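From first to last, the protein sequence lines are chains A and B. Quick note on the numbering used here: the first sequence kicks off at 17 and runs consecutively. Quick note on the numbering used here: the second sequence kicks off at 22 and runs consecutively.
Since the hints were derived computationally from the structure, they do not count as laboratory data. These figures come from a predicted structure and were not determined experimentally. By construction, the Cβ of each residue, glycine as well, lies at the ideal position given by its N, Cα and C atoms. It cannot be assumed that every hint is accurate.
With beta-carbon atoms standing in for the labels, derived distance ranges [as the list claims (entries may be wrong)]:
{"no.": "1", "chain 1": "B", "residue 1": "Ser176", "chain 2": "A", "residue 2": "Thr26", "range": "16 to 22 Å"}
{"no.": "2", "chain 1": "B", "residue 1": "Val129", "chain 2": "A", "residue 2": "Gln322", "range": "28 to 34 Å"}
{"no.": "3", "chain 1": "B", "residue 1": "Lys103", "chain 2": "A", "residue 2": "Thr26", "range": "38 to 44 Å"}
{"no.": "4", "chain 1": "B", "residue 1": "Gly41", "chain 2": "A", "residue 2": "Thr136", "range": "41 to 47 Å"}
{"no.": "5", "chain 1": "B", "residue 1": "Arg125", "chain 2": "A", "residue 2": "Gln322", "range": "32 to 38 Å"}
{"no.": "6", "chain 1": "A", "residue 1": "Leu239", "chain 2": "B", "residue 2": "Asn92", "range": "43 to 49 Å"}
Derived DMTMM-like pairs: lysine to aspartate or glutamate, alpha-carbon spacing no greater than 25 Å straight-line [stated by the list, open to error]:
{"no.": "7", "chain 1": "B", "residue 1": "Lys149", "chain 2": "A", "residue 2": "Glu166"}
{"no.": "8", "chain 1": "B", "residue 1": "Lys103", "chain 2": "B", "residue 2": "Asp165"}
{"no.": "9", "chain 1": "B", "residue 1": "Lys149", "chain 2": "B", "residue 2": "Glu71"}
{"no.": "10", "chain 1": "B", "residue 1": "Lys137", "chain 2": "B", "residue 2": "Asp69"}
{"no.": "11", "chain 1": "B", "residue 1": "Lys75", "chain 2": "A", "residue 2": "Asp329"}
{"no.": "12", "chain 1": "B", "residue 1": "Lys207", "chain 2": "B", "residue 2": "Asp32"}
{"no.": "13", "chain 1": "A", "residue 1": "Lys139", "chain 2": "B", "residue 2": "Asp135"}
{"no.": "14", "chain 1": "B", "residue 1": "Lys149", "chain 2": "B", "residue 2": "Glu76"}
{"no.": "15", "chain 1": "B", "residue 1": "Lys194", "chain 2": "B", "residue 2": "Asp135"}
{"no.": "16", "chain 1": "B", "residue 1": "Lys137", "chain 2": "B", "residue 2": "Glu111"}
{"no.": "17", "chain 1": "A", "residue 1": "Lys139", "chain 2": "B", "residue 2": "Asp46"}
{"no.": "18", "chain 1": "B", "residue 1": "Lys86", "chain 2": "A", "residue 2": "Asp329"}
{"no.": "19", "chain 1": "A", "residue 1": "Lys139", "chain 2": "B", "residue 2": "Glu71"}
{"no.": "20", "chain 1": "B", "residue 1": "Lys149", "chain 2": "A", "residue 2": "Asp145"}
{"no.": "21", "chain 1": "B", "residue 1": "Lys75", "chain 2": "B", "residue 2": "Asp135"}
{"no.": "22", "chain 1": "B", "residue 1": "Lys75", "chain 2": "A", "residue 2": "Asp145"}
{"no.": "23", "chain 1": "B", "residue 1": "Lys194", "chain 2": "B", "residue 2": "Glu122"}
{"no.": "24", "chain 1": "B", "residue 1": "Lys194", "chain 2": "B", "residue 2": "Glu76"}
{"no.": "25", "chain 1": "B", "residue 1": "Lys64", "chain 2": "B", "residue 2": "Asp112"}
{"no.": "26", "chain 1": "B", "residue 1": "Lys103", "chain 2": "B", "residue 2": "Asp46"}
{"no.": "27", "chain 1": "A", "residue 1": "Lys139", "chain 2": "B", "residue 2": "Glu76"}
{"no.": "28", "chain 1": "B", "residue 1": "Lys75", "chain 2": "B", "residue 2": "Asp112"}
{"no.": "29", "chain 1": "B", "residue 1": "Lys103", "chain 2": "B", "residue 2": "Asp192"}
{"no.": "30", "chain 1": "B", "residue 1": "Lys86", "chain 2": "B", "residue 2": "Asp135"}
{"no.": "31", "chain 1": "A", "residue 1": "Lys139", "chain 2": "B", "residue 2": "Glu186"}
{"no.": "32", "chain 1": "B", "residue 1": "Lys103", "chain 2": "B", "residue 2": "Glu186"}
{"no.": "33", "chain 1": "A", "residue 1": "Lys298", "chain 2": "A", "residue 2": "Glu166"}
{"no.": "34", "chain 1": "B", "residue 1": "Lys207", "chain 2": "B", "residue 2": "Asp30"}
{"no.": "35", "chain 1": "B", "residue 1": "Lys64", "chain 2": "B", "residue 2": "Asp33"}
{"no.": "36", "chain 1": "B", "residue 1": "Lys207", "chain 2": "B", "residue 2": "Asp46"}
{"no.": "37", "chain 1": "B", "residue 1": "Lys137", "chain 2": "A", "residue 2": "Asp329"}
{"no.": "38", "chain 1": "B", "residue 1": "Lys103", "chain 2": "B", "residue 2": "Glu122"}
{"no.": "39", "chain 1": "A", "residue 1": "Lys139", "chain 2": "B", "residue 2": "Asp216"}
{"no.": "40", "chain 1": "B", "residue 1": "Lys194", "chain 2": "B", "residue 2": "Glu106"}
Here are the chains, one letter per residue:
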Amino acid sequence: MKGTAVTWATAILDWFLGLQIYLPIAEVALNVFLLLGLGAGVGVLSGLFGVGGGFLLTPLLIFVGVPPAVAVATQSNQVVASSVSGVLAHWARGNVDVKMGGVMLAGGMLGSSVGVLLFTLLKTLGQIDLVIAIAYVITLSGIGIMMAVESIRALRRVRKSMAPKKLHQHNWAQGLPFKMRFRKSRLYISALLPAGIGFIVGIMSALMGVGGAFLLVPAMIYLLGMATGAVIGTSLFQIIFVQAWVTFWQANTNQTVDILLALILTIGGVVGAQVGGRLGAKLPGEQLRFLMAIVILTTAGGLLYQLVAHPADLYTIVIAGGGH
Amino acid sequence: MAQAPLIADLDDHLIAITTGFAGADVLLFGTTDGPGDVIVVVKGPTADVEVLRKERVGGIWINRKGLGYQNVPAVYMLAASKPLEELLPEDQRAYYQMGIENIRMVPVDPRDSDSKAFGTALIHAKQKFGLFSDVPARILFIGDRLFRVNLRVPSTVPTGTYLAEVYLVRDQKVVGAQTTPLVISKIGFGADIYDFAHRHSAAYGVIAILVALFAGWMAHLAFRRR
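The following block holds chain A by itself, in its conformation from the complex (with noise of 0.2 Å):
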C-alpha cells in the first residue's frame, strides 16, 4: 500500500520534472512551470506594491541554477516588458510626466552604460558576485527600513485622517545651476538634480538587474518632492528606456539576455501582477507595505548572512571564455 503510493508520487514527481525546458544562453535545462511560478510569484507581489519585484527574482533565478550574469542580464529585458504594460495604463491617465522622465533618461543612460562596463570588468576580475550581494543588502536594507518606518507613520496617520504634508524643501538643492520648470510634476528644480539620480539609479540597476523602481520612486518622492500621482508612471516611462539600453549593451558585450527565459518570466509576471492588482485592491494597504518591508528586509538579512557566514564551498571555478 506505501509502495504504490511512493511509486505514484514519484511518478507525478518525474512527470513535473520531466517538463524541462532548454534555456539556450543560460545553457541549464529547468522546469517550465517553476519558472513560471518564479514569475508569476513575484509579479503577485509586483501588483500588490507596486514595485518591479526584480530585486526579488534575480537571486531566486540564481537561487535555481541561473549563472549571475544571465539572470542580471535577463532580468533587465523582462523588466522593460512589465514596464510597457504597466506604463500605457499611467499614460492613459496622463500620469506620465514625459519631461522630467527624459531628464531622468539622460543620467540613467550614462549611468546604466557605467554599470554594464562595471559589470564587465567585475565578472573579469572574479567579484561580481560579491558586488552584486552588498549592493542588495545595502538597498533592500535602506528600501526596507524606510518602507517600514513610513507604512507605520502612515498607520497613525489613517486614525487622525491628515493628508500627507507636503512641503518644498528649500535646501542646498536649490542653488544648483541648470533650473527647469515640470509642469506635472509640479516643480521648478534643477535638471541636474533628476539626471543625477537617474544616473546613480542606472548603475545599480545594471548591476543588479532590476529596473530600480524601488529605488526611483522615492527617490522621486522624497528628493525631488515631485506630485505622487505622476511617481509611478513617470518612473515606468524611464525604466523602459534604460533597461532596454542595458538589454542591448548586455546582449551585446556579455551575450547574457535569455530571450526565452524573458518571455517565460514575462508570461507569468504579467498574470500574476493582475491577481496582485486585484488583491491588493480588497487588503489593507499600509498594513501590506509593513508586510512587504518585513519580506525586504529579511531578503536582505539572508544575503548578509551569507556574505559574513562561513561559506560552505570556499572554491569558485571560473572558465576561461564562459566555456566556448
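Given chain A's structure and the hints, the job is docking chain B onto it.
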C-alpha cells in the same frame, strides 16, 4: 589479416542538445579477441580554468586568491568491467589518466604551494555538477568477448568533441586500445538562438527589446478590459 584485439563503437556519435534536453544515455559496445577486461575513459573538450578561493576580509568572504589550470577536461567519465585497482598497477592508471585523481590538469604556476589544494577543489566542484565521475560505470560482458556499457551524459554538459578511449587489459597490462569520437552539439531552435546571440549580438539585443516591447503591449491589451 591480423585481427584487432579490440573493436568498440557507440550507438550514436552525435548527441543533440535540443530545447527539451535533460541528459542522454549513450551505449558503448564492442568485442575483444579473447578473455580480458575493458576500461573506458571519456573526456570532454579541454579548457583553461581559474579557481578562486574566498578569504575573510573585514568580516566578509571575498574571492582573494586565484590559480589557473590548463587542459582541464570539461567532462570526465569512467567505466570498467572490474574495480580499477584490480586491473592495473598505479603507475599505469596514472599514465592512462584513469580515475579522477589521475586527470592531468596543468597548473599555470606549479611552484605555488596551494596548487594541490586548489586542484582538489576544482575536482570537487566538477564532481558536484556531475561532470567528473568518481565511481566507474560497470561494463558488462556477454560471454567473454562481447561487452557493453551505458554512459550517462548529464544535462549540464558543454558542447564539443568528446573522445571515448577504450582499453583492453590483460595481466595488469594494456594490450589494446581504440578511441572513438562523440560529438555533443546544440541542434534546433535553441542552438539557432545561441548562434545568433553570439554572431549577431547587436541584432539579437534589438530583437530582445522588440520582443519585450511587444510582449508588454500584448499584456496590456489582454488585461485592459476589466
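ask   = So which of the earlier hints does this model not fit?
value = 3, 4, 6, 7, 15, 17, 24, 28, 31
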